[in-house]
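Please work from the sequences and hints to get the whole structure.
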Amino acid sequence: MVELITIKTFKMKKKTIYPIAKLTFTLVVLLLLAASCNKSKNDNTIEASQGGVKLTLTESEFTGDLGTVTKASTNATATKPFNVTKEVHSGPFTITAELTENTPTSSVLKASSTKAATKLLSLRGAVKYRIVAFKTDGTYVAQAVGDASDPNQVFFGDKLQVGHKYNFYIFSLGSTTDDPPAVPTDKNMYPTSDPETGFTLNFPSFEENSGDYMYAVEKDVTILGGGVPTPLTTPLQHMFTRVTIQVDDSDAVGIFGQAGYQKGGYVSEVPVNGSIDYTQGSVYAPIVNMSTGQVIPGTGNPNAPNYFPLLNLTTTGRTVIVNTQGLANFQLRIAINAGSIKIGHDVNTGDAYFTFSNAGQGMKPGYSYTLKLRFNSDRYVNAANETRTANASDALYAVIGGYRWDRYNLGAGLLNPASGNLNGTSTQALHGNFYQWGQKAVVANASTSGDGAIAGWNNNVYLPANSWNSGTEANPTKVVANDPCSAGARLPTRSEYDKLISLSLSTQSGTWGDFTTLSNMPGYDAAIVLTSKKSGDINLMFPASGRRELNSGALSYRGRAGYYATSTQSPTNSNLSNYFSLRAAPFTLGSISGADKPIGYNVRCIQDK
454 MVELITIKTF
464 KMKKKTIYPI
474 AKLTFTLVVL
484 LLLAASCNKS
494 KNDNTIEASQ
504 GGVKLTLTES
514 EFTGDLGTVT
524 KASTNATATK
534 PFNVTKEVHS
544 GPFTITAELT
554 ENTPTSSVLK
564 ASSTKAATKL
574 LSLRGAVKYR
584 IVAFKTDGTY
594 VAQAVGDASD
604 PNQVFFGDKL
614 QVGHKYNFYI
624 FSLGSTTDDP
634 PAVPTDKNMY
644 PTSDPETGFT
654 LNFPSFEENS
664 GDYMYAVEKD
674 VTILGGGVPT
684 PLTTPLQHMF
694 TRVTIQVDDS
704 DAVGIFGQAG
714 YQKGGYVSEV
724 PVNGSIDYTQ
734 GSVYAPIVNM
744 STGQVIPGTG
754 NPNAPNYFPL
764 LNLTTTGRTV
774 IVNTQGLANF
784 QLRIAINAGS
794 IKIGHDVNTG
804 DAYFTFSNAG
814 QGMKPGYSYT
824 LKLRFNSDRY
834 VNAANETRTA
844 NASDALYAVI
854 GGYRWDRYNL
864 GAGLLNPASG
874 NLNGTSTQAL
884 HGNFYQWGQK
894 AVVANASTSG
904 DGAIAGWNNN
914 VYLPANSWNS
924 GTEANPTKVV
934 ANDPCSAGAR
944 LPTRSEYDKL
954 ISLSLSTQSG
964 TWGDFTTLSN
974 MPGYDAAIVL
984 TSKKSGDINL
994 MFPASGRREL
1004 NSGALSYRGR
1014 AGYYATSTQS
1024 PTNSNLSNYF
1034 SLRAAPFTLG
1044 SISGADKPIG
1054 YNVRCIQDK
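FYI, this note's numbering numbers position 252 of the sequence shown as 705, with every residue one higher than the one before it.
Check the hints yourself; a few may be wrong.
Claimed, not checked - Simulated restraints on C-beta separations:
| # | residue 1 | residue 2 | range |
| --- | --- | --- | --- |
| 1 | 847 | 933 | 20 to 30 angstroms |
| 2 | 730 | 867 | 20 to 30 angstroms |
| 3 | 1026 | 962 | 31 to 41 angstroms |
| 4 | 918 | 972 | 27 to 37 angstroms |
| 5 | 867 | 926 | 14 to 24 angstroms |
| 6 | 802 | 835 | 37 to 47 angstroms |
| 7 | 955 | 802 | 50 to 60 angstroms |
| 8 | 846 | 898 | 53 to 63 angstroms |
| 9 | 673 | 571 | 15 to 25 angstroms |
| 10 | 1028 | 867 | 31 to 41 angstroms |
To be clear, the hints were calculated from the coordinates, so they are not data collected in a lab.
Ideal placement from N, C-alpha and C gives every residue a C-beta, glycine not left out.
Right, here's the structure in full:
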């Protein structure tokens, strides 16, 4: 009995202990899990409180300073901004390309001791940028995309350890819509001697809002922690070159033949199209050394096409981005397409090319330039429209604004610029003939009837509106039977005279009398010289040869005024015609309505096109 009781007691004891042990084990496991969860939660809180990094993004101006940190030089020297002008010919045009370095301030001179001016990147809008974190040995850690318009963004709060040092590569392409391309996570910040180990930067176009590669590199940055974001403040530098291309329609500057003279330019009447031609190969997809932020020289996609179209260039300016690839011998070619320049009747017949390199000719990385294109076809020509010098014997025509004008009045004597008779004051031989409106016949010349009344003068010749122009004011058609101008020329319209006046500067030559009397001045030297506003060497002389009066044909106003017929009838009175006039005291110049058609005028012919 005793033995049995002992065994039973043992079993009962065993059954009692087992549940307690099981319970104890479960409790321990639960406590461990709770501790683990709490630790995980605390760890996350600690990581978040490390603060990460925060950027104050600014953008440096285009100054050519491509260092990762802008430093001032103690030996500052002032240098003039780069400027070079190149000139080519395309058909009748002289095309000038002036490339000028843009200084970061209004000052003409800039010193290297001055830090590059900066501005908040957010001024360009919500510009996207990418920040990449590396360990100090270049090992990849993390990357993120930011928005320049949000200054409160904090990055890598759970990735960076307090007290540790990291390197950062920040870059943007200037886009407000597309994220900058991601950096492959297997890339080291420090490439090997093989360029392919760098970061291939793909960008969609050469526009300022999608191809303006800007970068900043900060190294050995110690993470502060304590809930305070570590600031990154290095300004973004421009690696590529910015070029603003515009048509320059400014007037000529200075005096022709003297230092500082610059020919002016016209606005094309058709869209100006061209392209940027990269002779070194395509600049798409260059490879970047992320430890410096700079393009590895000579890298990029070599596939054609190697050009970027420039469409409808205007005076407003078109900004493009040029990747000079970090090459010392980089060449940039600007092409203007054939047929893209039309001024008056002049059209460029072939492509025009300008080549710029950074071997002393500009186009350096990180700089900003303005490229001004000036189109000018003003010139002296012969009957075959071949360009001539001013005093060539066959230079009988002057082209201003694309319209070819005779240099002599119709009927003038000694048509020979080599004689010098267009270089000084007028003479009687230059006055030419007088014509009644709508007729081909000569009714008088400078000496007819000794300035007096003409016997048999017809004062009742009122011809219809289409007597000299059977077309329109905008598209005139010569009436050969009535037009006194020779083959290939015709009477100009009022609009063509108006255009000539608007494109010219006027000066008086010779001795002028006032306009208070009809009597003639004794001499013949009074004249107006119209000089192209765009070309100081191209001009037309209009003698103040007076007019033949309505009722008698007598000469009046010689030396006081000049009157030149147009093919345009007055829009308000069919008995009147428009004429181009020049007067003195007070001097006036312009097309004036209201003169009777039988009055005798001089004629200056224009090319019929």
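Hint check:
no.: 1; hint: 847 x 933: 20 to 30 angstroms; verdict: 24 angstroms, holds
no.: 2; hint: 730 x 867: 20 to 30 angstroms; verdict: 50 angstroms, violated
no.: 3; hint: 1026 x 962: 31 to 41 angstroms; verdict: 34 angstroms, holds
no.: 4; hint: 918 x 972: 27 to 37 angstroms; verdict: 34 angstroms, holds
no.: 5; hint: 867 x 926: 14 to 24 angstroms; verdict: 34 angstroms, violated
no.: 6; hint: 802 x 835: 37 to 47 angstroms; verdict: 18 angstroms, violated
no.: 7; hint: 955 x 802: 50 to 60 angstroms; verdict: 27 angstroms, violated
no.: 8; hint: 846 x 898: 53 to 63 angstroms; verdict: 24 angstroms, violated
no.: 9; hint: 673 x 571: 15 to 25 angstroms; verdict: 22 angstroms, holds
no.: 10; hint: 1028 x 867: 31 to 41 angstroms; verdict: 37 angstroms, holds
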